[in-house]
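Chemist: The chain contents come next:
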Amino acid sequence: MRHLAEIPRWCDDVTDFTGPGRFARRSLLKAAVLGRGDEAGHLLAVTGEDIEAAATTLVYTVTGRVLDVSPHVLVLRTEQGEQRFPLTASARAWRGGQIPAAALKQGDHAIARRQQPGGPAVDRIWAQIGRVTGTIIEREGPATLLVDEGPAQGRKIVIIAAEAAGRIQVRFPRLEPGYLIDVIGLKHDGFLRALIPATSQPPYLAGHPPAPPLVNGHVPDPVSGTAVWHEPGEEPEGLLGLAYPALDPETSCERTGSAPAACSGDLHAVDPHATGPGCVRLPYLSVGSLLLLQNDCAERSRLLPVTSCGATARLFCDRCVTCGTSRKGRIADLTMAAFVELGGALEAGCFNATMRIGG
Amino acid sequence: MLTAVRELQIPLLAALLLGGCAAKAWRLLRTRSLSTVLVPDGLLPLRLRRPVMMTMYATEFTLGLGLIATAGKVGAGGPGLPATIVRAGTALFFLVAMGALNETRQRRPDVGCGCFGEFSETPIGWRTITRAGVLCAAAAATIGVPPLRMPSSPSTAELWLAALAFELSLIAFLSPEVGEILVRLGYSEPCELRRLPVGRTLTALHSSSQWRRYAGQVCAAAPDDVWREGCWRFVVYPGSAHGRAVDIVFAIYLQARRPPIRVAVLDAEADSPGPAGARESVVI
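Which chain is which? The protein sequence lines are A and B, in order.
Using the numbering used here, you'd call the opening residue of the first sequence number 1 and step up by one each time.
Using the numbering used here, you'd call the opening residue of the second sequence number 360 and step up by one each time.
One or more of the hints may lead you astray.
As the list claims (entries may be wrong) - One side of the interface only, derived from the structure: several residues of chain A facing chain B at Cβ under 10 Å:
#	residue
1	Arg26
2	Pro173
3	Leu247
Worth flagging that the hints you see were computed from the coordinates, not collected in a lab.
Virtual Cβ for every residue (Gly too), placed ideally from N, Cα, C.
Just need the whole structure built from these sequences, with the hints factored in.
Modeler: Okay, structure coming up:
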């Protein structure tokens, strides 16, 4: 651990999401010094209102805990208190699989999508959904895995559900330490019960991703690729933002050096910052940078701030095939709220995305 | 003329087969993982993937060497049985490859063919499949070709060269790998991807005329905030102007020499340019 005095005070604490004022102001200062829309044509023109809206406003997404549910009404305890949401006739719910909305359980953590922006009715609900994305560092028996999600997210236990074992084994044939895994399932206390493979397992060891194609001139803007989602962890549940795979290594302070191995599993842990640029070459950005992200499958776009470090996404040289085949590599790891806000289906795991750098 | 074109196919096919083996071996050495060069998941039962791929690589390598070894005079009066077997085997290899590529394209549209290692990561398209078909036809055309010899006249040599140029152009057109190779040959890292220490940025800033102009307003030795977006690094110093607290923002372009620098002064609590008013730009 570095001594506090050795850390420059302007280093980003990527977990400092509770005091976002400094990061939100960065876009404002940048617009002041470079102008509204950069002369080089690389940046988006944004206003103070855009920046405010990017950080706070959820128009489609509602998160909370299920208090009561009937075939027609869902009652959630949200940050605003108890709220009632009418269910549309076509409302669908997910809780380990597609179920009638009325089958949701009291106490479930739920994330719901409104049918219309800001409207009262909801048409999609996901309950207790979770995801683990990272490097397998230990395996116990045929179905229990310890997965390292990288320096920002820590480690999680995955238990592969018996009924999903075949499905997951087909897409993840090497459930062995050192290989990557990305699964979606039901959250339980202390572990995830894996039910759905979120991608196909990359064939290489996590520490040896292939080098991405080189680019001449400037990095293309916009850039296309895959957008995925991650669990909130220490972040607020309704946070709108994304974990960016290429934070500036000089100022983001996400890398504090490798700790000595404390257990045998540590030998398989991979520091994604030490594996090169990752699977897609992205421009270095910082926490607070604004990106215009478009869901190519739903044709919905949103200005989103970078809220955390998504270096683990660098390790996955996969493609999303939700609508056509995306270009290779993960360009954004969205918060759950942002993923749903952009029209993504959480159980699908990804959508094809186009990203422009803004602010 | 036709015989000359048919003769040309033998060294060309051998070069492509051995080149493919070399590219895969290079990738294997770089990643130190056999699994990176295996057939994609979902196409074969798990237990068959490794033996099938090893057999395929061995076949590719053997056919490449075999084409060269049997190209000269083998036996008297003709190409001989070994040459015919190797050439027919090569045609069969590319025919099977065509089918396998088509199947892979249907079942895993997101993966590349891996034919030339890490250069072949573009998803399989009609060009890759057509290339396998062209090479299959080329291999079939070599069956029965007499032992290779040097061109008998300058006009024959010119014909060889013209046919070679045409065929290489056709293969290049059908190869998504060519674009990747050209990019690697002329690569220079874009500024958005270049790592540049903060210390160098601050040194460049402190030796600029913009810094000298605003240094009198700066109230702290160290910046309040430093961050980067693409090719620009931003440095914010707390300052004072006309008795009001201001933020002095410098934007420094990330290049090693003579970086352009821009500056703006904002009220510390406001969201618009402050008392100093204008933005300025300068190249030191």
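Chemist: Now, for every hint given, state plainly whether the structure supports it.
Modeler: Results for each hint:
A distance limit of 10 Å between C-beta atoms decides the matter here; for Arg26/A the minimum to chain B is near 6 Å, and the interface restraint holds. Because the smallest distance between the Cβ of Pro173/A and any Cβ of chain B comes to about 5 Å, under 10 Å, the interface hint for this residue holds. Hint on Leu247/A holds. Least Cβ distance to chain B is approximately 9 Å, under the 10 Å limit.
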